[in-house]
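Peer 1: Combine both chains into one complex, guided by the hints.
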Amino acid sequence: MTDLETTVVEALVKIALMIFGLMTAAAYLVLLERWMAAWVQDRLGPNRVGVPLTKIKLFGLGQPLADGLKFIFKEEVTPKHVDKFLYTLAPISILAAALAIFAVIPVGSVLPADSGIPGVDKQIDLVVAPGFDAGLIYVFALSSIAVYGVILGGWASNNKYSFLGGLRSSAQLIAYEMPLGLGLLGVVLYNGSLELETIINSQAASGVWNIFLQPLGFVVFLVAAFAESARLPFDLPECEQELIGGYHTEYAGMRLLMYLIAEFLHMVTVSFLIVILFFGGWHLWGLTGADNNVTWTTAIIRVLVLMVKVLGVILFFMMARWSWPRFRFDQLMSLAWKVMLPMGLVNLVAVAVLAEYGHRAPMVVGLAGMWAVAIVTWIVGGIFAPLATDNRPHVGFDSRQVTSR
Amino acid sequence: MNADDPNIHWIEEPSLGLSGKMYLPLFVQGLTTTARHLFSPKVTVSFPEVRPKVGNPLIYRGVHRLNKDEQGRVKCVACFLCATACPAHCIDIIGVESPWPDREKYPESFVIDELRCIFCGMCEEACPVDAIELTSLLDLTGRSREEMIFDKEKLLSVYDQTKDAEPMKSASLGGTV
Chain U
108 MTDLETTVVE ALVKIALMIF GLMTAAAYLV LLERWMAAWV QDRLGPNRVG VPLTKIKLFG
168 LGQPLADGLK FIFKEEVTPK HVDKFLYTLA PISILAAALA IFAVIPVGSV LPADSGIPGV
228 DKQIDLVVAP GFDAGLIYVF ALSSIAVYGV ILGGWASNNK YSFLGGLRSS AQLIAYEMPL
288 GLGLLGVVLY NGSLELETII NSQAASGVWN IFLQPLGFVV FLVAAFAESA RLPFDLPECE
348 QELIGGYHTE YAGMRLLMYL IAEFLHMVTV SFLIVILFFG GWHLWGLTGA DNNVTWTTAI
408 IRVLVLMVKV LGVILFFMMA RWSWPRFRFD QLMSLAWKVM LPMGLVNLVA VAVLAEYGHR
468 APMVVGLAGM WAVAIVTWIV GGIFAPLATD NRPHVGFDSR QVTSR
Chain Z
-8 MNADDPNIHW IEEPSLGLSG KMYLPLFVQG LTTTARHLFS PKVTVSFPEV RPKVGNPLIY
52 RGVHRLNKDE QGRVKCVACF LCATACPAHC IDIIGVESPW PDREKYPESF VIDELRCIFC
112 GMCEEACPVD AIELTSLLDL TGRSREEMIF DKEKLLSVYD QTKDAEPMKS ASLGGTV
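Listed in order, the protein sequences are those of chains U and Z. Residue numbering for the first sequence follows our numbering, beginning at 108 and increasing consecutively. Residue numbering for the second sequence follows our numbering, beginning at -8 and increasing consecutively.
Same shape as in the complex, but just chain Z (with noise of 0.2 Å):
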C-alpha cells in the first residue's frame, strides 16, 4: 500500500498549541501526576496478614460446604442433580435408602474433587433443596492430592465452619429452607 493510496484516510495530527511547545507546562504536569500517586492509598491487599474483601459473600463462589437441616441431618436427597449439572465431572455421590421417612434417597458418600473443580457454580444452581452451595473462603489449599479430595464430613464440616458468618442463602435468596 503507498501513501497517496485513496483507502488510507489520513488524519492531522492535532497541534501542540503553545504551552506543549514550550514542553515544560506537560512536563510539570506528568511529575504531578507521578507524585499524587506516589502517595495516594494503595490497593495493593498483605494478603496472609489482610483479608481480601468479599464483595458478596451471597454470590462469591469459593469452597463448597453441604449444608445440614435443623435436625443437624444432611440436606442432600441423593438427587444427582448437581453431579449430573457438574461440566468438570467432580462430585462423585453414592446414595443409599434414606433411615428418615421424610426422604427416599441420602448420600452414603459426597465425594468433590476440589482440583478439578472450576467454580462454576452450576451445582449449586441445580440443587432442588439448597443442600450444596460455594462459601466465600477463597484459599484453598492442601499439601497433597489426597488432602484436596473433600468427602461428606469435610463438606459438612465446611458448613459448620461457615454457617454463622454466611447463613444459608435460600433464605436470603427467597428460596426453600
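If we strip away everything but chain U, and leave its shape as in the complex, we get (with noise of 0.2 Å):
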C-alpha cells in the first residue's frame, strides 16, 4: 500500500472505532447519569433490563438496548406549524458538530511501532486527526456551530417554549464562550500549543498538571464548562420544569434522539477537554512514563488512566445535577460577565508573567504565586461581586413610570 492508501485505511479505521465508541458510551452514559439521579434520591434505579429473551437481568446493563429501541420505534412526528427544513437541519447539524469535535481529542498516547498489526511499521496516534494544530480552534469553531442547532431548533419549532429556550441558550452560550476562551487562553499560553497532543506532552514532561499551576483558569473554564454543555446548575436552555424540555420540546423519535445524543457528547467532550487541558491527559506519575517509547503495557495503561479520568469528571457533572438550584438567568449572567470574565483575566495575565519570567525562579515560587493570585482573587471577588440574588423593585420605585417611559 502507499503512505496515502494507509493514512486513508487508518483514518477511516479510527473514524469508525470512534464513532461506535462514542455512540456505544453516550447509550451507556445515559443509563449512568439515570443510575446516578436514582443512587442520590435513595432509589434503586433502573435494574431490570438484562439480556433480550432471557430472565437475566445483569444490573440492568440492558436498558440502552431497550431506550434506543424504544426511540426508533416511535413514530417520527413532525408537526404541521414547523419550518421543516430547519426543523431536520437542526438535530442534524448539533450531532454532525458534536461528532466532528471528536477528530481532534486523542483517546490516549500512541500504539508502539512494533504493535504488530499488518502493515504499520510506525506509532500510530490515538487520535483521529493527529497533529493538528489549530485543534482547540477547530474544537471551539464546532461547538459554536452547536449554538446553531439549539438556536434552529428552537426557531424551526415554532413554539415559544422552544423559541424561549434557544434564546436563553443563544445567550447563554455566547457569554460563556468568552470565560471558556479565557481558561483555554492560559493553558495554551504556557504549554505554547493549540494542539492537544502537545498539551498533554508538555505536562507529561514537565510532570505538573495544569491545575496546580492555574486553580483559577480551572474554576474559570470548568463554570463555562458547565454552562457550555448546558448541564445542571445552568440548563436554562432545557429546564424541564420551566419549558417543558426547551427547544426540543417539539421533537419526537430519532431526531429527539439525536438531540439528547449531542448533549451527552458535549458533556463528553467538555469532560475530555478538562482532563486533557487540566489534569495532564493520559499522565500519572509513577505509571504511565512521560514518553512517547510505549510498550502495548503502558500504551494500555495510558489510554486506562485517560478514560478512568474522564469518567471521573463525567461522574462530578452528574453529581453537580443533583447537588445544586439552577441558576436564574440575571445570575447567569452576573456570573458570567462580572465574576468569570475578570477572574479570566486575572488569571490570563498571571499567566502571562509565569509564562515570561517563571523559568527564572524554581517551580515552587510559580505554583505558590499561581495559588496566592487565584486565592486573593476569589475572595476579592466573592465580597465585591457576589451574585446578585435580589432583583426585586425597590421600596419606592413605580413600575407605571417604567411602562410609560
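By construction, these hints were calculated from the structure, which means they are not laboratory data. Treat the hints with care, since some could be wrong.
To be verified - DEER-style ranges, computed between Cβ atoms:
(1) Z:LEU22 / U:GLY128: 23 to 31 Å
(2) Z:GLY11 / U:ASP398: 45 to 53 Å
(3) U:GLY238 / Z:PRO5: 50 to 58 Å
(4) Z:VAL45 / U:PRO432: 33 to 41 Å
(5) U:GLY360 / Z:ILE2: 43 to 51 Å
(6) Z:GLY11 / U:GLY128: 40 to 48 Å
(7) Z:GLY11 / U:LYS191: 47 to 55 Å
(8) U:THR305 / Z:GLY11: 36 to 44 Å
(9) Z:ASP83 / U:MET361: 52 to 60 Å
(10) U:VAL227 / Z:GLY11: 53 to 61 Å
(11) U:LYS162 / Z:PRO90: 20 to 28 Å
(12) Z:GLN152 / U:ALA359: 44 to 52 Å
What the hints assert, rightly or not - Cross-link-like lysine-lysine pairs, in silico, DSS-like; alpha carbons within 30 Å at most:
(13) Z:LYS33 / U:LYS177
(14) U:LYS162 / U:LYS181
(15) Z:LYS12 / U:LYS445
(16) Z:LYS33 / U:LYS164
(17) Z:LYS59 / Z:LYS96
Nothing here was measured: the structure is a model prediction, and the numbers come from that model. Note that beta-carbon positions come from the ideal geometry of N, C-alpha and C, so glycine has one too.
Peer 2: The structure is reproduced here in C-alpha cells:
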C-alpha cells in the first residue's frame, strides 16, 4: 500500500472505532445518569433490563438497548406548524458538530511502532486527526456550531417554549464562550500549543498538571464548561420544569434521540477537554511514563488512565446536577460577565507573567504565586461581586413610570 | 399593584455572610449531601422478589375474606349490614334459611366485585359477627373482569390461605369470636 492509502485506511478505521465507541458510551452514560439520579434520591434506578428474551438481569445493563429500540420504533412526528427544512437540519447539525469535535481529541497516547498490526510499521497516534496544530480552535469552532443547532431547533419549532429555550441558550452560550476561551488561553499560553497532544506531552514532561499551576483558570473553565454543555446548574436552554424541554419540546423519535446524544457528547467533550487541559491527559506520575517510547502495556495503561479521569469528571458533572439548584437567568449572566470574565483575565495576566519570567525562579515559587493570585482573586470576587440574588424592584420604585417611559 | 403599594410587605433577604459569598463552602456542603445520599441505603422495594412490609396486618385493608367458625361453617348470618354499609355497592348476598339451629339465615351466595370495591373497610366495621375481614394481601390481580368477581368459595379460600398468618382480628381487637 502507498503512504496515502495507509493514511486513509488508518483514518477510516479510527473514525469507525470512534463513532462506535462514542455511541456506545453515550448510551451507557444515559444509564449512568439515570443510576446516579436514582442513587442520589435513595432509589435503585433501572436494574431490570438485561439480556433480551432471557431472565438474566445484569444490573440493568441492557437498558440502553431498550431505550434505543424505543426511540427507533417511535413515530417520527413532524408537527404541521414547523419550518420543515430547519426542523430537520437542526438535530443533524448539532449531532454532526458534536461528533466532529472528536476528530482532534486524543483518547490515549500512541500505539508502539512494533504493534504487530499488519501493514503498520510506525507509531499510531490515538487520535483521528493527529498533529492538527489548530486543534483547540477547531474545537471552539465546532462547539459554536452546536449553538446553531439549539437556536435553529428552537426557531424552527415555532413554539413559544422552544423559542424561549433557544433564545436563552444563545445568550448563555455566547456569554460563556468568553470565560471558556479565557480559561483555555491560559493553558495555551503556558504550554505553547493549540494541539491537544502537545499540551498533554508538555504536562507529562514537566510532571506538573495545569490545574496545580492555574487553579483560577481551572475554575473559570469548569464553570464555563458546565454552562457550555448546558448541564445543571446552567441548564436554562432546556430546563424541564419551566420550558418543558426547551428547544427540543417539539421533537420526537430519532430527531430527539440525535439531540439527546449530542447533549451527552457535549458533556463527554468538555470532560475530555478538562482532563486533557488541566489534569494531564493520560499522564499519571510513576505509572505511565512521560515520553513517546511506549510498549503495549504502557499504551493501554495510558488509555485507561485517561478514561478513568474522564469518567471521574463525568461523575462530577452528574453529581453536580443533583447538588445545586439552577441559576436564575440574571444570575447566570452576571456570573459570566461580572465574575468569570474578570477572573479569567486575572488568570491570563498571571499566566503571562509566569510564562515570561517563570523560568528564572524555581517551580515552587511559580506555584505559590499562582495559588496566591487565585485565592486573593477569589476572595475579592466573592466580596465585591457576589451573585445578586435580589432583583425585585426596590421600595419607592414606580413601575408605572417604567412602562410609560 | 405597584412596588410602592402600602399593602406590600417587603422582607429583606438574609445576608449571605462571608462563607456564603465565598461560594466554595456552600458548594462543598451541597456536594457532600449528594455524596452521602449516593451511598446511603435505598428505600425502593424490588416488588415481586421482595414483599413490601405491611405496617400492621390487623388494620391493613387488602383483599376480603369470609371467616369460618370452629366447625368450618361460614360465620356470615346474611344480615346484609355489610352490603348496606358498602359505599361502592360491590357486595351481593343471597340469604336463605339456615340449616343450622344457631342462626336463622346464612348466605347461599356471597359475591364481592373486587374491581368496584374501594377498600374502605366499612363492611368489616359493619359486620356484627366478624365474618367479613380485610386481609393484608395487597397484590390483587387478574386477567379478566370475571376473575375479579369473588364468590363465596373464593372468599372462604382466602380465609384458609391467610388464617395462619393473620388470625381473626376480633380476638386481638376484643370483639366477638
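Peer 1: Checking each numbered hint in turn, tell me which of them this model violates, lowest number first.
Peer 2: Result: hint 11 breaks, nothing else.
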